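*Asks:* Okay, here's what each chain looks like letter by letter:
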Amino acid sequence: DAGVIQSPRHEVTEMGQEVTLRCKPISGHDYLFWYRQTMMRGLELLIYFNNNVPIDDSGMPEDRFSAKMPNASFSTLKIQPSEPRDSAVYFCASRTGLNTEAFFGQGTRLTVV
Amino acid sequence: GNSVTQMEGPVTLSEEAFLTINCTYTATGYPSLFWYVQYPGEGLQLLLKATKADDKGSNKGFEATYRKETTSFHLEKGSVQVSDSAVYFCALIDQGAQKLVFGQGTRLTINP
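Taken in sequence, the protein lines are chains A and B.
First residue of the first sequence? That's 1 in the numbering used here, and the numbers climb one at a time after it.
First residue of the second sequence? That's 1 in the numbering used here, and the numbers climb one at a time after it.
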């Protein structure tokens with residue numbers, strides 16, 4: 001398996017634009033997580049899904065952020081409109097089974113100017 | 001709620017020095033415990049794990065023992081290398097929600 005695949009790896013956009021980040025989890029994994037990493041706040045859990053259903057979105061910072069998982073092999077994280085403070089590295093991770101580790105993608109580095 | 005606390009960083013050592021990065025946790029029950037490593041520009045990778053009390057996880061010369069009595073999972077390595085320079089995260093799995101709870105990370109720099 002190729003692991004968790006995220007795209008794009010880098011994104012530079014202007015303030016106010018819509019940004020969509022994409023994730024393909026490992027085949028057969030039933031949990032999917034979206035994290036944000038910044039120097040100031042470290043690693044933050046934004047939202048996670050189980051069997052394509054959002055379970056906890058309490059980490060989503062504002063209504064500008066939304067996430068979907070239309071099927072078991074694809075998820076998106078959308079920011080609309082984007083702001084400079086959204087600049088961060090966004091990670092997707094997936095896992096399966098009870099009490100097991102998660103596997104991370106390479107991340108998307110987002111810069112909003 | 002569940003939480004993980006790591007020692008403050010950054011940590012700077014010379015090559016071949018002994019490494020300890022402290023990690024303590026607060027959790028209900030007996031969660032599985034993990035150490036992840038993040039090299040520059042990359043995602044987090046699982047370094048080692050332990051699933052029950054007194055288990056020792058090990059990988060690439062790193063070790064950590066699940067200590068229930070002290071609720072700790074300290075990371076150790078006997079002789080570090082420059083290539084070990086990275087950020088290290090301690091984590092546990094919330095057994096109810098089945099989500100990983102991470103510590104704040106410890107940046108390690110090894111000088112030749």
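These aren't lab readings, by the way, just hints derived from the structure by calculation.
Be a bit skeptical, because a hint or two may be false.
To list a few chain A residues with every Cβ distance to chain B over 10 Å, as calculated [stated by the list, open to error]: (1) Val12; (2) Thr13; (3) Met15; (4) Gly42; (5) Asp57; (6) Thr100; (7) Gln106.
Derived, one-sided and incomplete: chain B residues facing chain A with beta-carbon distance under 8 Å [stated by the list, open to error]: (8) Phe34; (9) Val37; (10) Tyr39; (11) Gly43; (12) Leu44; (13) Thr51; (14) Ser85; (15) Ile93; (16) Gly96; (17) Lys99; (18) Leu100; (19) Phe102; (20) Gln104.
The structure displayed is predicted, hence computed values, not measured ones.
Idealized CB from N, CA, C, for every residue including glycine.
*Asks:* Now tell me if each hint is right for this structure.
*Replies:* Do the hints match the structure? See the list:
The claim that A/Val12 is not at the interface with chain B holds, since no C-beta of that chain comes within 10 Å of its own (minimum 16 Å). Consistency note on A/Thr13: stated as away from chain B, and its beta-carbon is indeed over 10 Å from all of that chain's, at 20 Å minimum. Against chain B, the non-interface label of A/Met15 holds: every CB pair exceeds 10 Å, the least being about 25 Å. For A/Gly42, the condition that its CB be more than 10 Å from all CB atoms of chain B is violated, with the nearest at approximately 5 Å.
With a closest Cβ-Cβ approach of about 12 Å to chain B, A/Asp57 is found to remain outside the 10 Å limit, as its non-interface label requires. Taking the minimum C-beta to C-beta distance to chain B, about 7 Å, the non-interface status of A/Thr100 is violated against the 10 Å cut. Distance check on A/Gln106: its Cβ comes as close as 5 Å (rounded) to a Cβ of chain B, failing to clear the 10 Å threshold; non-interface status is violated. About 6 Å separates the beta-carbon of B/Phe34 from the nearest beta-carbon of chain A, less than 8 Å, and the hint is met.
Interface restraint check: B/Val37 against chain A, minimum CB-CB distance 11 Å, threshold 8 Å, status violated. Interface restraint check for B/Tyr39: the shortest CB-CB distance to chain A comes to about 11 Å, outside 8 Å, so the restraint is violated. Because the closest C-beta pair between B/Gly43 and chain A is about 4 Å apart, less than 8 Å, the hint holds. Against a cut-off of 8 Å between C-beta atoms, the interface hint on B/Leu44 holds, since the closest Cβ of chain A lies about 4 Å away.
Satisfaction of the interface hint for B/Thr51 is found here, the shortest Cβ-Cβ separation to chain A being roughly 7 Å, below the 8 Å cut-off. Because the smallest distance between the Cβ of B/Ser85 and any Cβ of chain A comes to about 17 Å, over 8 Å, the interface hint for this residue is violated. Residue-level restraint check for B/Ile93 holds (minimum Cβ-Cβ distance to chain A is 5 Å; threshold 8 Å). The restraint placing B/Gly96 at the interface with chain A is violated, with a minimum CB-CB distance near 11 Å, outside the 8 Å limit.
Look at B/Lys99: its Cβ gets to within about 6 Å of chain A, closer than 8 Å, so that hint holds up. The beta carbon of B/Leu100 is positioned within 8 Å of a beta carbon in chain A (closest approach about 5 Å), and the interface hint is therefore held. With a cut of 8 Å, the hint placing B/Phe102 at the interface with chain A holds, because the nearest CB-to-CB distance is about 5 Å. Residue-level restraint check for B/Gln104 holds (minimum Cβ-Cβ distance to chain A is 5 Å; threshold 8 Å).
Checked against the numbered hints given earlier, the structure breaks hints 4, 6, 7, 9, 10, 14 and 16 and satisfies all the rest.
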